[in-house]
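*Asks:* For reference, the chains in residue letters:
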Amino acid sequence: MSTVELVAADELAATRPAIGARRRVMRRLLRNPLAVGGLAVVVVAVGAALLADVVSPYAYDQTDFGAALQPPSGSHWFGTDELGRDQLSRVLFGLRASVLVAVMSVALSMAVGVPLGLAAGFYGLVDPVVSRLTDTLLSFPFLVLAVGLAAILGPSLTTATVAIGIAQVPAVIRVTRGETLRLRGLDFVAAAVADGATDGVVLRRHIFPNAVNALIVQATVAAPAAIIGESVLSFLGLGIRPPDPSLGVMLASAQPLFRDGPWMAVIPGLVIVAVTLGLNLLGDGLRDALDPREAPR
Amino acid sequence: MGRYVLRRLVESAVTFVLVTIVVFLGIRALPGDPARALAGEESDPAVLAEIRRSFGLDQPVHVQYLRYVGNAVTGDLGRSSRTGLSVLDTIAHALPVTLQLALFSMLIATVIGIGAGVVAAVRRRTASEWAANSVALLGLSVPNFWFGLMAVLVFAIAYPVLPASGFVSFTDDPAESIRHLLLPAIVLGSGLAAVIMRQTRSAMIEALGTDYVRTARAKGLGGTQVVLRHALRNSLIVVTTIVGLQLGALISGAVVTEQIFVLPGFGKLTIDAVFTRDYPMIQGVVLVTATAYIGINLLVDLLYSVIDPRIRVGGWVL
Amino acid sequence: MKPPLLTVDGLTVLFRTEDGPVLAVDAASFDVAEREVLAIVGESGCGKSVTALALTRLLPGSASIGGSVSLTGRSLLSLGESQLRDVRGRDIAYVFQEPMTSLNPVLTVGRQIGEVLRRHQGLRGAAVTRRATELLDMVGIPLPGRRVGEYPHQLSGGMRQRVMIAMAIACRPKLLIADEPTTALDVTVQAGILDVLRDLRGEIGMAVLLITHDLGVVADIADRVVVMYAGRVIEQAPTEQLFAHHGHHYTHGLLDAVPNPARHAEGGLREIPGRVPTMRSSPDACTFADRCGSADDTCRTARPDLAPGPAGHLVRCWHPLQPANAVLPADIGEGPR
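Protein sequences, first through last, are from chains P, B and X.
119 is the number that the numbering used here gives to position 119 of the first sequence; each next residue is one higher, with no gaps.
214 is the number that the numbering used here gives to position 214 of the second sequence; each next residue is one higher, with no gaps.
5 is the number that the numbering used here gives to position 5 of the third sequence; each next residue is one higher, with no gaps.
Incorrect hints may appear among the rest.
[Stated by the list, open to error] Okay, the calculated bits of chain B under chain X, using three or more residues with CB under 8 Å as the criterion:
1) 84-95
2) 217-226
3) 230-236
[As the list claims (entries may be wrong)] Beyond 10 Å from chain X on every Cβ pair, some chain B residues (computed):
4) Leu-9
5) Phe-16
6) Asp-44
7) Ala-131
8) Phe-155
9) Asp-211
[To be verified] To give a feel for the contact side, a few chain B residues facing chain P, derived at Cβ under 7 Å:
10) Val-14
11) Leu-25
12) Ser-141
13) Phe-145
14) Ile-251
15) Val-274
16) Val-286
17) Thr-289
18) Tyr-293
19) Ile-294
20) Gly-295
No wet-lab data here; the hints were simulated from the structure.
Even glycine gets a Cβ: it sits at the ideal position worked out from N, Cα and C.
Could you put together the complete structure from these sequences and hints?
*Replies:* Listed below in structure tokens is the structure:
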């Protein structure tokens, strides 16, 4: 092999992620106690939420007027509301809805944003078009967008998902475009093109897999925002509406009953804070673990 | 610099046009008869026919669009289907409330955020940094509206110190105004403060590790001077961009905060419009918000070019 | 014999890192005489830059510095931070490798030079601009009156480096430490920078500690040379003697590796096999042993001292080269002046 080919092979090896890299990232993540704590909280909360049918002690709409407005106790860990419904069960089902919205909205934002970002970063002519589209989207603050969508589609879980997903699209586009621009300039892409690879192959096999790390980070930022977003929307009546379960709905109905049952407002909020905090800690830990600057030599 | 400004103006104009198209089509996307939507509760066929005529709903779509844009630019955003009052007037009355709230929040958020961020960056690996980081993390994880509810619970109900609702304009009575706006501003600004703090901290840490800071130290410059003159100045460039981007979140947050604290602002207007199906109002609100947002972004970008001489002198296009 | 300007004795720098300790400098000792140009050479990672920064404690908090450093008899490492700040910029000044990143992009060149003048000479107002303009002129920047109000990105790489030098000599320091000052510049610009350094040395009467891996630069401007490897000083000699009669095998490898048609046309370029190791502690052995063709068991089990070798200058080697074997045909660069 000539020296030139030798150099290219070395550089290829240096810039492509090694298989062992994922395992190394996991190890670094697990060394961070805060991230592990966050991970634990998220796993427990999400697990309980997804298994709500099995885990919750009561049905979420099961009323019991004799036990109305009771503070947390042995039989009702989170207390009851004005109709005697068990708050713990309602929280679990509400959390399930939040998780569903979070996952679907992030998926939606990626499905729309990633192809647009790849195209914008790869094709110079597409870039300004996508940038204008992104600017247009960004001109509508999240709630204004949700308001508009609610007016057109009517308030529902789907509307909330779509609103949150669309609101995240500009961020996904920006991240993907940034990564595409950065990776496009690296030598291993030039090597692939020199080998005769088509645009599609380059994007699919070289650029996209290396952009995944940044997208994972984006997802860890988007997920907690989505959970909070869903609760805001249903609180305002623009998302999930009663009698469907949602943490935001619970908080809305708790507002007039502040003096009689403060736990009704405090507890669902604390649950949101706990899950969001866990996701944020996990996200921070992932971001640190993935940071190439911190990698051991 | 001229090239940069021109480019930004053109981009903003294009975005504005796209925004008007989206808003215009939004109403057309509503299920059912647009005339009925614009009329609200009215169902008298004569009135509907009048609306159709005056709005030109029987005209081709692009003509309708041009009429709409033409009207909007001259200040005619139609009439509220709920109150019959001019949309623009109603919005103009509600804006000062939201503006005062937003400005107050931004003030609190910037002061706390930048201050905490600098402290956290300079006093690394100490209790202060840990505390600042934790508070910022909480600020990011606590939903705005729940924070508002808890604030009302504690400061207005449990220990009545501050009013739970109501608005007094700063121009009428500064002291009372601050008293009424303090809780909402803190609630609204908390999320922004957390973001600013984190961005400032990371930008400062990066700046403190740069070669030019090393040069400054090698020249014999002391800690505070190095921090403020060199590191902070360069960090502010990044922070300004971030703050600009967060304005949208601030407007969103204002909607919720006004709902909780019953402030007769722009945000409350929006929510009421949705629930009363006041489509002209919704359309007007969305258009005004988007336009303001484009304007503010343009301003932030121009400000950016003032702070960073690399853009101002030499016509660098980032 | 005048006492040396700078005395470095047993300087040790240990970094605490995520993966364990890193011994960057291992008991380095050398002197710099007044008005002399001393070059420290070695490959990347040998500890030469860390040594330069350690002299005025310009290293990050994760570094522990041991040993002693004295400037005109005054110990530097035991000074408090504010006293050390008086020394920096006034008695000892630095020029760094990357002029693009070593200058603050949002401040004008004049203001950055002005900072040194304000700090150490108490100048204010118009006097600052005047003096800054003079300094720019001294380092050979044309139209200094205009340049003084410009920003770093408006200047070329060579001019930026001249600005760095102007900042460094502003207070007429006794010692100028230049860390790879020409490495980031084009070859055509390098000679100009070296000329500036040489002229200033004569004008101001300062000593220069030059960190470099470029032996051509050493041959051009240095009076004496210190060779470092894996954190240790392994050879010290006047420049001519180092090129002609070096003792250490590593030095031989370095000199042999400089591309030269006379020597390399037939057999191809020579390189030293292996890489510079990252030291975690100070082993009781010669650190070059596993890359050295002449190493034996002594080399691998006992740490050699820095002692006078066959040619008379200090070498850290159990089996230093005899002067006869050390000769390399043809000169390197322009040869010692």
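*Asks:* Confirm or reject each hint.
*Replies:* Evaluation of the provided hints:
1. 84-95: n = 0 at 8 Å, threshold three: violated.
2. 217-226: holds (count 6)
3. 230-236: holds (count 3)
4. Leu-9: holds, 24 Å
5. Phe-16: holds, 32 Å
6. Asp-44: Per Cβ check, B:Asp-44 is outside 10 Å of chain X; nearest 65 Å; holds.
7. Ala-131: holds, 20 Å
8. Phe-155: holds, 42 Å
9. Asp-211: Contrary to the label, B:Asp-211 does not stay out of reach of chain X, its closest Cβ about 4 Å off (not over 10 Å).
10. Val-14: Where the cut-off is 7 Å and the nearest Cβ of chain P is about 5 Å from B:Val-14, the hint holds.
11. Leu-25: Violated: closest Cβ of chain P sits about 10 Å from B:Leu-25, beyond 7 Å.
12. Ser-141: This interface hint holds because 4 Å falls under the 7 Å limit.
13. Phe-145: Hint on B:Phe-145: holds, closest Cβ of chain P at ~6 Å, below 7 Å.
14. Ile-251: holds, 4 Å
15. Val-274: holds, 5 Å
16. Val-286: holds, 6 Å
17. Thr-289: For B:Thr-289, the interface hint holds, since the closest Cβ of chain P sits about 5 Å away, which is under 7 Å.
18. Tyr-293: holds, 5 Å
19. Ile-294: holds, 5 Å
20. Gly-295: violated, 10 Å
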